[in-house]
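Residues per chain are reported as follows:
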Amino acid sequence: MNDRLAIREFLQKLLRQTGDRRSFADSDSLVMSGRLDSVDTLDLVVFLEEKYGIDFAERGFDKNDLDSLDNIMALIEAGSGASV
Amino acid sequence: MNYNLAAPMFRHSMTQGSRLAVSVGGREVSYAELAALAQRVARWITAGTSRPRGFVGVLASRSVEAYAGVLGTCWSGNAYVPLNPQLPEERLAQLLGIIQPVAVVVDDAGRETLSARVREACAAPILSNLEELPPFDPGDRPCEVGAEDVGYMIFTSGSTGVPKGVLVPNRAVHHLVSALQEVYGFGPEDRFSKAYNLSFDGSIHDMFTAWNAGGSVHPVPAQMLMAPMKFIQERRLTVWASVPSTAVFMERLRMLQPGAFPSLRCTIFSGEPLPLRSALAWQQAAPNSVVDNICGHTECCCFSTLERLTDSPNVTPKRGLVAIGKPLPGFEAAVFDEFCRPLGPGQEGELALAGPQVALGYFGDAERTAARFPVIDGKVWYRTGDLVYREESGIYHHLGRVDHQVKIRGHRVELGEVEAHLAEICGSDSVAAVAWPVDHGSARGVVAFHCVQGLAPEDVRDALMRRIPRYAVPQQVLRLTDIPLTPNGKIDRKLLVEMLEAGAVAVS
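Those protein sequences? They're chains W and V, same order as listed. Read in order, the letters of the first sequence are residues 7 to 90 in the working numbering. Read in order, the letters of the second sequence are residues 2 to 509 in the working numbering.
Just so you know, the hints here were simulated from the structure itself, not pulled from any lab data. None of these values were measured; they are calculated from a predicted model. Any given hint might turn out to be false.
Label-pair distances were calculated between CB atoms; the ranges are [as the list claims (entries may be wrong)]:
#1 E368/V <-> A12/W: 52 to 62 angstroms
#2 D34/W <-> S116/V: 21 to 31 angstroms
#3 P135/V <-> K19/W: 51 to 61 angstroms
Glycine included, every Cβ here is placed at the ideal spot set by N, Cα and C.
I would like the entire structure built from these sequences, with the hints used as guidance.
Rendered as structure tokens:
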């Protein structure tokens with residue numbers, strides 16, 4: 007399974023947990039729009055840390071980085087753990 | 002004495018005009034610049050209205066316009082009403098209809114909310130560009146206002162579906178600022194976070210204690226609010242104030258490393274229960290800071306009681322939460338039974354507060370004001386609705402609510418308000434809302450129930466999204482055959498929560 011698909015499935019799982027069954031485009035806002043709350047976002051962070059080695063304690067945390075599937079892919083491609 | 006809330010900021014502009022007053026969106030605004038902006042906004046407001054005194058809506062957040070709007074309103078002798086640009090259109094139109102503002106100040110985010118529907122609800126002049134302001138008049142001073150004049154009004158959730166406007170007089174803010182100054186000894190070198198939104202009453206502390214001390218205000222960008230590690234470090238903040246969720250979140254992200262925030266000297270957590278574990282982690286990360294748990298109420302000018310974290314912390318048994326401590330200077334606190342009779346140490350009852358920070362009441366709602374602000378032996382009390390008990394030592398412990406108000410990530414939500422809208426949308430009174438799940442005394446969200454067949458959960462959520470703030474919109478909408486009732490005929494919320502905990506609810 008490619009990364010984009012794996013992350014999409016994870017995001018779908020998070021949304022379903024809160025009863026949100028609507029579809030989303032790769033560029034749709036999920037965090038800033040409130041579809042994912044802070045607890046969901048934390049789950050997402052842990053997932054990205056474990057699977058892709060991104061160290062948020064090192065790089066800092068910006069909700070925009072996780073706001074959409076496209077943004078998350080850009081974060082991963084920018085290199086795990088790279089400081090901004 | 003002039004109680005104008007802009008007066009301390011103005012005084013600093015005369016003696017230390019070049020010092021930083023606020024740093025937001027890449028702009029550094031000095032005291033002299035901020036005072037000039039406030040004075041020009043005040044001139045614009047008074048030029049546009051013949052009414053002697055009224056409300057000015059500030060439809061803005063985390064921007065120069067927001068703070069110029071607040072201070073300009075105060076300077077002009079009017080009362081400001083913060084309006085969050087993220088509110089749904091219907092809610093915004095409703096609030097503007099209630100306050101009938103003499104003027105409205107908007108920033109970029111606020112301007113985007115000015116739909117035809119919103120403009121229809123608001124006939125007042127709108128300031129959307131600070132460039133349009135009249136020129137600066139160096140001879141002008143903040144208008145003379147009295148202790149009992151209204152400084153601001155903040156809306157909170159109302160159980161009938163109509164938001165309640167809390168009228169806060171200038172003396173309440175004046176007292177809050179003096180009390181905090183006494184506790185913390187703030188000075189011009191202090192660099193204050195501004196994490197709370199303007200429409201959240203913690204912002205009163207963020208702004209007015211900072212400008213009273215001659216310090217600088219640093220609004221935290223929305224995208225960094227959840228975990229502002231870099232922001233605190235880069236701005237070298239000395240004062241941090243936020244909801245405890247920030248500490249909980251950062252702890253989980255391993256951002257609370259020992260010594261991570263050496264610049265902090267004061268940390269204030271308020272707005273929701275503070276888990277001991279997160280408080281201790283924050284203390285390690287900020288070794289030079291006091292860590293205080295403050296319990297607050299919009300009706301008592303944002304902060305009411307304080308508990309400082311010590312080596313042997315006062316923890317509320319079985320909850321793992323830091324106690325809410327003792328009343329701030331000037332407050333009198335009591336535990337009331339349901340007939341407003343005082344209870345003794347160890348007895349559970351409703352927290353009641355009296356003193357100079359108590360608000361005037363609810364705008365246009367004498368009945369509810371009389372119910373929540375009883376006058377007992379000539380003294381006005383505010384019945385907070387918080388279920389508490391007091392130790393012999395005078396330390397208060399928070400146990401929950403005596404009513405159906407819940408906190409969702411620090412925001413007050415009346416479940417009755419969600420139900421009132423839900424009933425209209427469903428066309429049936431057989432509806433219910435509960436806070437669920439709850440972790441460490443903080444609710445993560447709302448779950449709604451109805452009994453109407455063929456109603457899609459997404460449609461109900463979408464309809465609610467247009468009426469109430471996003472944090473109050475239920476994350477799940479479930480259908481039941483019947484809403485369970487208690488023997489008294491009230492909604493059995495306890496049973497509904499038990500059903501959710503057991504996973505025994507069918508999703509429609």
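Against the structure, the hints come out as follows:
1. A hinted range of 52 to 62 angstroms holds for the C-beta pair E368/V and A12/W, which are about 57 angstroms apart.
2. The given range of 21 to 31 angstroms is respected by D34/W and S116/V, whose C-beta atoms sit roughly 22 angstroms from each other.
3. Our hint of 51 to 61 angstroms for P135/V and K19/W holds, since their Cβ atoms are close to 56 angstroms apart.
The earlier numbered hints are all upheld by this structure, with none contradicted.
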